[in-house]
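Colleague: Protein chains in written order, with our numbering: chain A, 1 to 256; chain B, 1 to 256.
Please keep in mind that the hints were generated in silico from the structure rather than gathered at the bench.
Check each hint, because a few of them may be wrong.
Copies of the same chain are indistinguishable here, so a pair counts whether it falls within one copy or spans any two.
[To be verified] Lysine-lysine pairs mimicking DSSO-like chemistry, simulated, CA-CA at most 30 Å apart:
| no. | residue 1 | residue 2 |
| --- | --- | --- |
| 1 | 71 | 136 |
| 2 | 21 | 100 |
| 3 | 71 | 139 |
| 4 | 21 | 232 |
| 5 | 244 | 21 |
| 6 | 71 | 204 |
| 7 | 237 | 100 |
Number of protein chains: 2
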Amino acid sequence: MNIVLIGAGNVATQLGLALKKNHTITQVFSRHLTNASSLAKRLNATATDNIEKISTNADIYFLSVTDDAIKPLVNELPNNNGIVVHTAGSVSIDVLGRYKNYGIFYPFQTFSKNRDISFDNIPIMIEGNAENTTNKLFKLASSLSANVHIVNSEQRLLLHIAAVFACNFTNHLYHISKKISDKAELPFNILQPLIEETVSKAFKVSPENAQTGPAARDDRQTMDKHIEILNKSFDDKKLVELYKNLSNRISGISQP
Amino acid sequence: MNIVLIGAGNVATQLGLALKKNHTITQVFSRHLTNASSLAKRLNATATDNIEKISTNADIYFLSVTDDAIKPLVNELPNNNGIVVHTAGSVSIDVLGRYKNYGIFYPFQTFSKNRDISFDNIPIMIEGNAENTTNKLFKLASSLSANVHIVNSEQRLLLHIAAVFACNFTNHLYHISKKISDKAELPFNILQPLIEETVSKAFKVSPENAQTGPAARDDRQTMDKHIEILNKSFDDKKLVELYKNLSNRISGISQP
Numbered sequence: 001m002n003i004v005l006i007g008a009g010n011v012a013t014q015l016g017l018a019l020k021k022n023h024t025i026t027q028v029f030s031r032h033l034t035n036a037s038s039l040a041k042r043l044n045a046t047a048t049d050n051i052e053k054i055s056t057n058a059d060i061y062f063l064s065v066t067d068d069a070i071k072p073l074v075n076e077l078p079n080n081n082g083i084v085v086h087t088a089g090s091v092s093i094d095v096l097g098r099y100k101n102y103g104i105f106y107p108f109q110t111f112s113k114n115r116d117i118s119f120d121n122i123p124i125m126i127e128g129n130a131e132n133t134t135n136k137l138f139k140l141a142s143s144l145s146a147n148v149h150i151v152n153s154e155q156r157l158l159l160h161i162a163a164v165f166a167c168n169f170t171n172h173l174y175h176i177s178k179k180i181s182d183k184a185e186l187p188f189n190i191l192q193p194l195i196e197e198t199v200s201k202a203f204k205v206s207p208e209n210a211q212t213g214p215a216a217r218d219d220r221q222t223m224d225k226h227i228e229i230l231n232k233s234f235d236d237k238k239l240v241e242l243y244k245n246l247s248n249r250i251s252g253i254s255q256p
Numbered sequence: 001m002n003i004v005l006i007g008a009g010n011v012a013t014q015l016g017l018a019l020k021k022n023h024t025i026t027q028v029f030s031r032h033l034t035n036a037s038s039l040a041k042r043l044n045a046t047a048t049d050n051i052e053k054i055s056t057n058a059d060i061y062f063l064s065v066t067d068d069a070i071k072p073l074v075n076e077l078p079n080n081n082g083i084v085v086h087t088a089g090s091v092s093i094d095v096l097g098r099y100k101n102y103g104i105f106y107p108f109q110t111f112s113k114n115r116d117i118s119f120d121n122i123p124i125m126i127e128g129n130a131e132n133t134t135n136k137l138f139k140l141a142s143s144l145s146a147n148v149h150i151v152n153s154e155q156r157l158l159l160h161i162a163a164v165f166a167c168n169f170t171n172h173l174y175h176i177s178k179k180i181s182d183k184a185e186l187p188f189n190i191l192q193p194l195i196e197e198t199v200s201k202a203f204k205v206s207p208e209n210a211q212t213g214p215a216a217r218d219d220r221q222t223m224d225k226h227i228e229i230l231n232k233s234f235d236d237k238k239l240v241e242l243y244k245n246l247s248n249r250i251s252g253i254s255q256p
């Protein structure tokens with residue numbers, strides 16, 4: 001397929017690199033020409049910052065931009081006979097309604113520009129405005145990954161929220177853990193086997209059954225000790241609140 | 001070494017199974033004879049629920065019980081010429097001060113009775129009351145794992161708190177994610193590649209640099225949409241508070 005990428009951020013970059021293997025990226029658009037150019041270079045494509053210069057005969061147009069940039073782009077991007085998709089988790093398919101063929105191509109992963117990642121097993125959520133479009137998107141997604149799902153916009157929004165808890169928020173908890181291990185003058189990677197086992201266990205026995213720790217045992221003595229140390233070690237009252245809130249949630253579930 | 005296990009819970013079970021490979025577990029004590037017996041059986045050891053019947057000529061005694069059970073046991077366990085250690089993260093070494101030789105043997109991992117786990121790379125934190133004891137504990141720990149660290153009680157307490165955030169609290173976030181993917185009628189394991197990449201990335205580029213998501217972009221529109229859906233989908237006001245609190249922490253760090 002001939003593909004145009006609209007956007008040059010984390011998702012556009014990693015998606016472009018993956019698509020390039022079996023398809024042709026003809027063009028990269030970004031409001032910032034330097035961004036468009038540096039991605040286009042990696043993809044052997046041409047670059048533009050002029051929306052009117054976007055080719056109108058590509059098979060598929062990927063809108064990979066921040067959520068609030070999608071609508072303004074839809075108003076400017078010319079009509080075409082290809083499929084226009086966006087890659088966002090929380091934006092309805094309806095925003096693309098002015099096109100003939102449109103849909104969703106949502107790779108369910110966390111991306112960075114400079115961390116190249118294999119798409120082989122990344123879940124890709126697709127949705128098409130009509131069966132014909134859905135089939136084409138399914139075929140394209142299957143050329144990247146063995147893990148393709150047809151989901152509607154409501155399901156996709158819920159999945160995005162699940163991802164915020166499972167990825168963005170857990171990463172923030174890792175950030176807190178790192179601050180604490182720094183305070184103990186011990187390397188953060190001392191936590192790696194524990195963190196990896198936590199993940200592995202959650203998928204083996206389910207998170208409900210995997211829950212351990214002072215809150216799950218309702219061990220008040222230990223929790224009070226932790227709160228005391230957090231108060232003493234960090235000038236961050238909300239960190240203590242977070243410890244209490246999460247502990248209370250866990251105790252509430254574990255202690256009926 | 002000849003080893004006595006005091007306790008028959010998650011840690012005692014997995015530690016016993018690991019120690020058994022190169023050492024002899026002679027005895028398992030638990031206040032509940034059925035627990036002592038079922039673990040003793042797996043370790044080819046004898047079982048007792050009578051603390052006065054604990055052998056006094058073992059090389060090492062492992063107190064693997066809940067934190068608040070350690071002190072009462074220390075008052076009852078007879079003097080001996082072995083080393084008495086406990087395996088708790090948040091209890092000072094001083095609680096064992098009445099013995100001649102004592103210390104800490106803290107395997108830094110999450111354990112379940114029925115999930116057998118390799119100790120090869122589990123970090124083990126040790127501390128001894130004297131150099132001679134520390135050396136013996138180091139040698140014993142090294143017979144289980146290549147990842148042994150000498151840490152004092154303050155460092156260990158901080159590490160335990162780091163583990164609560166990195167393991168217990170993240171597992172709770174996985175639990176929430178699962179509830180949300182259930183609501184979307186999609187299998188929880190659709191989240192596995194994302195969660196695994198989150199872990200991998202945190203250790204490759206550090207959690208500070210790995211942070212992505214609506215809060216990191218300060219994308220209010222998406223966060224408001226998520227809050228609306230959480231309110232609509234779950235009868236759990238504190239879940240919405242948790243979403244807001246964690247998002248605010250992340251926005252505060254990412255948006256200077």
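Colleague: All hints are to be evaluated individually against the structure, with a verdict given for each.
Modeller: Against the structure, the hints:
| no. | hint | result |
| --- | --- | --- |
| 1 | 71 with 136 | within (24 Å within a copy, 67 Å between copies) |
| 2 | 21 with 100 | within (27 Å within a copy, 67 Å between copies) |
| 3 | 71 with 139 | within (26 Å within a copy, 64 Å between copies) |
| 4 | 21 with 232 | neither (53 Å within a copy, 42 Å between copies) |
| 5 | 244 with 21 | neither (49 Å within a copy, 40 Å between copies) |
| 6 | 71 with 204 | neither (41 Å within a copy, 35 Å between copies) |
| 7 | 237 with 100 | neither (53 Å within a copy, 41 Å between copies) |
Taken one by one, the earlier hints fail for this structure at numbers 4, 5, 6, 7, listed in ascending order.
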